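Using numbering that gives the first Met the number 0, the first residue of the sequence shown is number 0, and each one after it goes up by one.
Each hint can be trusted.
Simulated restraints on C-beta separations:
hint, residue 1, residue 2, range
1, P50, V2, 34 to 40 Å
2, V61, R18, 17 to 23 Å
3, S38, V2, 28 to 34 Å
4, V2, V61, 20 to 26 Å
5, E32, V3, 19 to 25 Å
6, R18, H65, 20 to 26 Å
7, V61, L37, 21 to 27 Å
8, S38, S5, 21 to 27 Å
9, V2, E34, 32 to 38 Å
10, E32, M0, 28 to 34 Å
11, D51, V3, 32 to 38 Å
12, T9, E45, 18 to 24 Å
Please keep in mind that the hints were generated in silico from the structure rather than gathered at the bench. What you are looking at is a predicted structure, and each value in this text was computed from that prediction instead of being measured. For every residue, glycine included, the Cβ atom is placed at its ideal position computed from N, Cα and C.
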Amino acid sequence: MPVVQSIYHTGFIVENLDRALEFYTQVLGMDIEREPTLSDTPWLSEVVGYPDVIMRQAYVGVGDGHSIELIEYITQGAKLDPIRLIAIGPDRHTQPWWLTMSRHGGNGLRH
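My request is simple: use the sequences and hints to build the entire structure.
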């Protein structure tokens, strides 16, 4: 069985990116590692299951190589819906290894 050697980032969907950044930086003392940007690349729509999705995202961290990705949906009506994500079974990613929560009984590692 493969051994996890590192985790690049963990993503969280937030209602308000600016407020989330304020909390993570001013309350928890984390640093902004990537400034907020808008993302609308086609593969994002495929992963989250919303056509033409637009997200605003930023990364925070403490300098240990692991980041927290904070994501705010800009597209009207788009929201985090775990049941919907499980139903569509997102499985297209840009990285060769990806931890997926919707497969293999709720967890698993695919290549």
